Amino acid sequence: MSTEPGHTFQVDLRGLVDLLSHHLYSSPKVYLRELMQNAVDAITARRLLDASAPARITIRTGVDGGIQVEDSGVGLTESDVHTFLATIGRSSKRAEDGGLDLSAARQDFIGQFGIGLLACFVVADEITVVSRSARDASAPAVEWRGRSDGTYRIKTLPPGSVAEPGTTVTLVPRADGSEWLEPGRVLRLARHFGSLLRYDVEVVDKFGDAAKVNDTPPVWDRPHGSPLARRQALAGYAKALFDFTPLDTIDLDIPLVGLKGVAFVLPTPVHPTKHAGHRVHLKGMLLSDQAQELVPDWAFFVSCVVDTTGLRPTASREALYEDETLAAVRDAIGERIREWLVGLAASDLGLLRRFLDVHHLAVKALARYDDRLLALLLPWLPFETTDGNVSLDEFARAHPVVLVTQSVEEFRQVAPIAASAGLGVVNGGYVYDRELVLRLPEIRPGVTVADLDPETVSAHLDTVDPAAELAAAAFLARARAVCDKFDTDVALRAFQPVGVPAMLVDNREARHERRRAELSADADELWAGILGSLGSSAPRAQLIVNHLNPLIRRIADIGDAALSETAIEALYGQALLLSRRPLRPADHALLNRSFIGLLEFAAHAAAGTTDRAGDPDTDIRGDV
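Residue numbers (the numbering used here): 7 to 630.
Simulated crosslink set (BS3-like; lysine-lysine; CA at most 25 Å straight-line): (1) 218 x 35; (2) 35 x 212; (3) 245 x 218; (4) 289 x 266; (5) 245 x 266; (6) 289 x 245; (7) 289 x 35; (8) 280 x 35; (9) 280 x 245; (10) 289 x 218.
Taking CB as the label site, the calculated pair distances span: (11) 227 x 413: 42 to 52 Å; (12) 452 x 282: 41 to 51 Å; (13) 251 x 605: 47 to 57 Å; (14) 257 x 502: 49 to 59 Å; (15) 334 x 153: 37 to 47 Å; (16) 337 x 360: 25 to 35 Å; (17) 251 x 500: 47 to 57 Å; (18) 242 x 58: 32 to 42 Å; (19) 170 x 212: 19 to 29 Å.
Simulated from the structure, these hints should not be mistaken for laboratory data. Note that the structure is predicted; figures quoted are calculated from it, not measured. Ideal placement from N, C-alpha and C gives every residue a C-beta, glycine not left out.
Could you put the whole structure together from the sequences, leaning on the hints where they help?
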């Protein structure tokens, strides 16, 4: 085939360029990755012909406001140019409904020269390709010059005009794409994508100064003088790449897919949904730096950097294709992380404790489904208990009977009293905690785990001498009358600590009934009727008054009915705050009313007046 110099062809590229820039790629920056990938593929192809062929890629910036990418690869003949242009023509065909045939584009282009070249139209107004083939030494060099308007020209070049086989691609920027071809950004993008490429890559500015792009072999494959030196080198790599110094590093090696790399254990907690992802290189070229699909969901405490030859990219080459191979790799990485945890438990308890202090939530998530790790790590995991934040192993040694609550609210209600009574209670209200505590007897035979309800704690409180309760009968009657407005009973008990005047306890049924009543009060007529039909005669909450507390004894002796009622409201409000349950508007009003009422009594007492806040003309204890 022969092409006359200057012959112009027309092909509709505009639709395909729009497809690439707005639908296939996430950012214009991929243009440089595609050019570098084309160069790498070309060099690989040439080395199949001649293993000693040169392997170099040079990116020149400041060339007429754009860049040039030169490679010493296999090059293109005139026939090759027509072939990939024919592919472009087929792949940009339109479907019957007038839209672009996306499936055809993906099938024909991905992994071929044409798609990488067209990606450059995202940032360039004109692309020039000059190439000489290494397969046919007698073939002349050829030039292809294309524009974003869909026109291109092909011409053969005079013999000797291109000395060595290879390809040079020149980009002239479009007005809205020039920022992506600025020298500083080009260097950053080249290092971002090509840091692990096997072939030498350098960026040369308009003054001739060259900067190396790749840093190979990867740090995990380099020889190091000692294990300590290797750990320090890996830690430095993580610091430079992710800006953190890892707690530890986990080597990853899965020969089945040619995967090698490192998992860095994060030094600080991270929310599972906020993890930045993992860096995946495909044959040295960065595929994605946000590949969350690489590791199991529970392993959100690591950030990985890997290079692989056997995983499949998606159409955009910006993520991994979800298939059976990726699932097997994910499982293999998960198993390697498990092995690391097992090794810590056997050889480095100090590091294990530091790790659990930071990432206990992730380990708890894993232990729910992994019996081996459950047995190994459950005794070491920290839980909130009446003895403080301690491991279950330590807690079980002090409390053969371990009580566990169903909610944080239950735990906060009973913790101070339960601790004084010698009960061992674990807060089961946090995610995973209750489920794991209930499995403790499997790991520690002889330990009993049981549910705890606030009523259980009240049953452990000492009853009051009948004579003392009879003496307080008037006070208790008034307290029951006041608390009846809050759907709460009153009981007199003696318990430690003495400094707690009263505590508010209610069981789960009472809480459910209270919530149902609140929703019913705020609902429309139909929904209120439905909720009303679900009502039950659940036991009411209890305000347990501490007979040992000196303040309670003084309040019981108050003869003024108004002052006594205000003091009882204040006791209820203080017990409500200690329970740490969410406050309703009525609860806020109660706290304000009792506080202001007590201030009013105190002010009158200080002034020596005979008026009381309970008198009709001086009562200011309304809702605030």
